[in-house]
Amino acid sequence: MAFREYKIGARLFGVALGGSMVITLYFPIVDMTSVAVTETGLKKQLSYGRIGGFSYEDPFMLGEGKPKTVVLNKDPKTGQPIETVHAYVYQSGIPFPSGIVHPRILGEGVTELSQSQGKIGDASEGAGAVFLISRGSHQGETVNYIENATATRGWKPDQVLSAAGDANTSYVGSGKIMFVKEGCWWCHTLLPEQTQDWQYFGVPPRLGDFNGESPTAFGSDRKAPDLLHVASRNSSKEWMTMHFFNPRLVQPHSIMPRYDYMWGDKDANGNTIDFDAWRAEYDKYAAGETLYPPEVPAYAPDSQVRYLMDFVMSLK
Amino acid sequence: MLKYLFAKNEDIPQGTAAVFFGFSSIVWFVIGTGLGSFNAAKLAFPDFVVGSELFSFGHMRQVHVLAVIFGWISMAFAMAMMYITPALGNTKLWSEKLGVWNCFLWNIGLSLGLTLLWMGITSGREYSDFPWVIDLYIAAFIALPLAINVWMTILKRKTQGIYTTNWFFGAGVFMVTIVFIVGNSPEWFNLTGLSEAYLTWWFAHNVLGLWITPIAAAIAYYTVPKVTGNPLYSHRIGHLHFWSVVVFYSTPAAHHLMSAPLPEWLKSFASVEGVLILVPAIAFVSNLLLTMQGKWHMFVENVEIKYTITGVLMAIPLNMQGGFQQTRAINWYVHGTGWIVAHAHLALLGFSTFLEAAAVYYGLQAILRRKLYSLALANFHFWFLLIGFSIYWVSMTIAGLIQGAGKIYEVPYIDVVIAEHPYMIARWVGGTLVFTGNLVWLYNMYMTARVGTEIPAGRLPHELAYER
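If you read the sequences in order, they're chains A and B.
In terms of the numbering used here, the first sequence opens at residue 1 and continues consecutively.
In terms of the numbering used here, the second sequence opens at residue 1 and continues consecutively.
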């Protein structure tokens, strides 16, 4: 650095880059983290679990270490009928989402109520917990907060799962992993645009819809319909099953890949799926040689496609 | 390569690291564009290969993107730094051994990271898709050794001043390290929500703005004066370019999320700053084109200048698009459509690739002291790249405008897919031409190293281009 100019230049460079980072990193993040989480945001983080990408609880992204979302219409402890609630079940050892571990990210009101009324501080990952979304009042405003039902109502995770049964259990968190892993978001956005998507794809998300979610999987290159509210438009599991197996069965012009490999080896009845025979028969149908396509196998309850289906069905 | 990993630094011939980086970058370019061609085929013909998740579009798309960014583009940059930085300092590379190790670890880490991505193991964040373990590896074994080698070479230079190219190199390796570490911090610290989404795009924006664009431009600041023999038209304009990149290109990250629920002040700020990209762009293009004065015949006759000036000319539509498509008035129409995909390829496959290809062509000949094996094949490569890219860019721009119209007129989505089909086929044709051209390039450079005519001492490779 022989010249005085280089010393001045190096310092100015530091000021320029530092200033740029203050404006584009510090200010926005202070602003964005001050926003209180919405009910949608609470639902998402409680049903997705800690993280939706690579993590040490699930290094191969098989959907492990994620909570289960159940629909309950009876009290799991007493068996008495109750008003239908969604419960987010974290069995022993399942990592909690950011909002439980760092309640301050929930935002003003939600943090206070979740701690005082919801008793989320009492939840422990070792013992597991069941969370609900409840409504309370903070400084005269109605606020949704997280309730730790294990502490407030004595609901144990396994009790809740057996009370709900498999039919009422959704693997939404594991399904989010499938959504990220299979790259659904390379074509399907989860971001109706603020300018023109209201009619077609529904209301765009709001600032507080994301607290605690990771990754947001917005997508950037929309080659296919937006999915943020897809289950409100189409809630037919039959249609979805055929569409995942081979999209051309229900939409001849679709360019979506086939996700038949997510069925695994066995179907719902434990029979081995003969994919080669299926494809050969389908090719005949596609060539116009047969009138009907082959039957799509029913997926097994622990198959990856079930996880993905549960996630897509949660996008209301 | 392996024999130099454990050799003494003094025993490694000058330029070894640059040669390894050069050939690695060409191989990654072939792999990356091959994947791109395959992906395009999947979009045009969805039943092209079925039955395995490994050949599913969602598993391969990010492998293509990161293979070309970290493999082709960044390794070609490293190649250029390994021979241009010492040449401009009238000195040797600070450590050839570090350079060789850097190249070795780069190839290992990138292969590992891309394999994980291919299996679907990802952070789920576009452009920073690598899981955090790979991110740490990249910071420690790819970015930092490169930065140290460049800084030390500049510090140990035997010239008094520092030439334009080396300001960009020295600052670029610093900025990309910072951007990489900050941009990936959400994964290390489990930052969530909108902050994470914003940081994802802060990284994606700045890795282009503070790494790919300025380093590609810095290469042109070397190639054009070196090959034409003209001095750079203006150092002052070079200053303007440098400082306006640092100030104006590092600030508009939020314009990638223009229709997302970010704070409105942030979007407005980003949008205004985004238009100011025209300042460095105009400075760069005018400086280089004015340097060509009296030597325009070389645009036709000389292969390195042909590549470089084509890349420089492509910076004009690139920055006109980039500056204005992110304003609210235009962004609502083109956001998330093929228009943006075309723009991204104009930046990476158009502008930047052409500048780097020139540096690799020139550098390999200069270091190996061997004349290009075949000028005809080099021209073949040039035209395949240019025509392939042009087909790609035109077809994707049209597809994007169709998508935009479909979006605002609320056309059923499947009708947009049907309307785009011919352009998807054209995109695949364009991508395949690029891939074919690159295979030819790899062959040409391999043969150059093997059987190219030796360049006599004191002569420059391009002076001999038309001699037998």
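Hints are computed from structural coordinates only; laboratory data are not their basis.
Some clues are possibly wrong.
A few chain A positions that, by computed beta-carbon distances, are all more than 10 Å from chain B [unchecked claim]:
id : residue
1  : 24
2  : 53
3  : 132
4  : 137
5  : 182
6  : 199
7  : 200
8  : 220
9  : 222
10 : 223
11 : 255
12 : 294
Restraint ranges, calculated between C-beta atoms of paired labels, are given here [to be verified]:
id : chain 1 : residue 1 : chain 2 : residue 2 : range
13 : A       : 27        : B       : 329       : 51 to 59 Å
14 : B       : 133       : A       : 206       : 56 to 64 Å
15 : B       : 133       : A       : 158       : 50 to 58 Å
16 : B       : 329       : A       : 158       : 40 to 48 Å
17 : A       : 77        : B       : 329       : 55 to 63 Å
18 : A       : 154       : B       : 329       : 31 to 39 Å
For every residue, glycine included, the Cβ atom is placed at its ideal position computed from N, Cα and C.
Hints versus structure:
1. 24: violated, 5 Å
2. 53: The assertion about residue 53 (chain A) is violated, with a minimum of 4 Å to chain B.
3. 132: Holds: least Cβ distance 21 Å, greater than 10 Å.
4. 137: Holds, because the least Cβ-Cβ distance between residue 137 (chain A) and chain B comes to about 25 Å, which exceeds 10 Å.
5. 182: Violated, since 5 Å does not exceed 10 Å.
6. 199: violated, 6 Å
7. 200: Incorrect as stated: the minimum Cβ-Cβ distance to chain B is 5 Å, not above 10 Å.
8. 220: violated, 6 Å
9. 222: Given that some Cβ of chain B is not farther than 10 Å from that of residue 222 (chain A), nearest at about 4 Å, it is violated.
10. 223: Answer for residue 223 (chain A): violated, closest chain B Cβ roughly 7 Å.
11. 255: violated, 5 Å
12. 294: holds, 14 Å
13. A:27 to B:329: 51 to 59 Å: violated, 25 Å
14. B:133 to A:206: 56 to 64 Å: violated, 34 Å
15. B:133 to A:158: 50 to 58 Å: violated, 34 Å
16. B:329 to A:158: 40 to 48 Å: Violated: the Cβ-Cβ distance is about 57 Å, outside 40 to 48 Å.
17. A:77 to B:329: 55 to 63 Å: Given range 55 to 63 Å: holds, Cβ gap about 59 Å.
18. A:154 to B:329: 31 to 39 Å: For residue 329 (chain B) against residue 154 (chain A), whose Cβ atoms are near 58 Å apart, the range 31 to 39 Å is violated.
Checked against the numbered hints given earlier, the structure breaks hints 1, 2, 5, 6, 7, 8, 9, 10, 11, 13, 14, 15, 16, 18 and satisfies all the rest.
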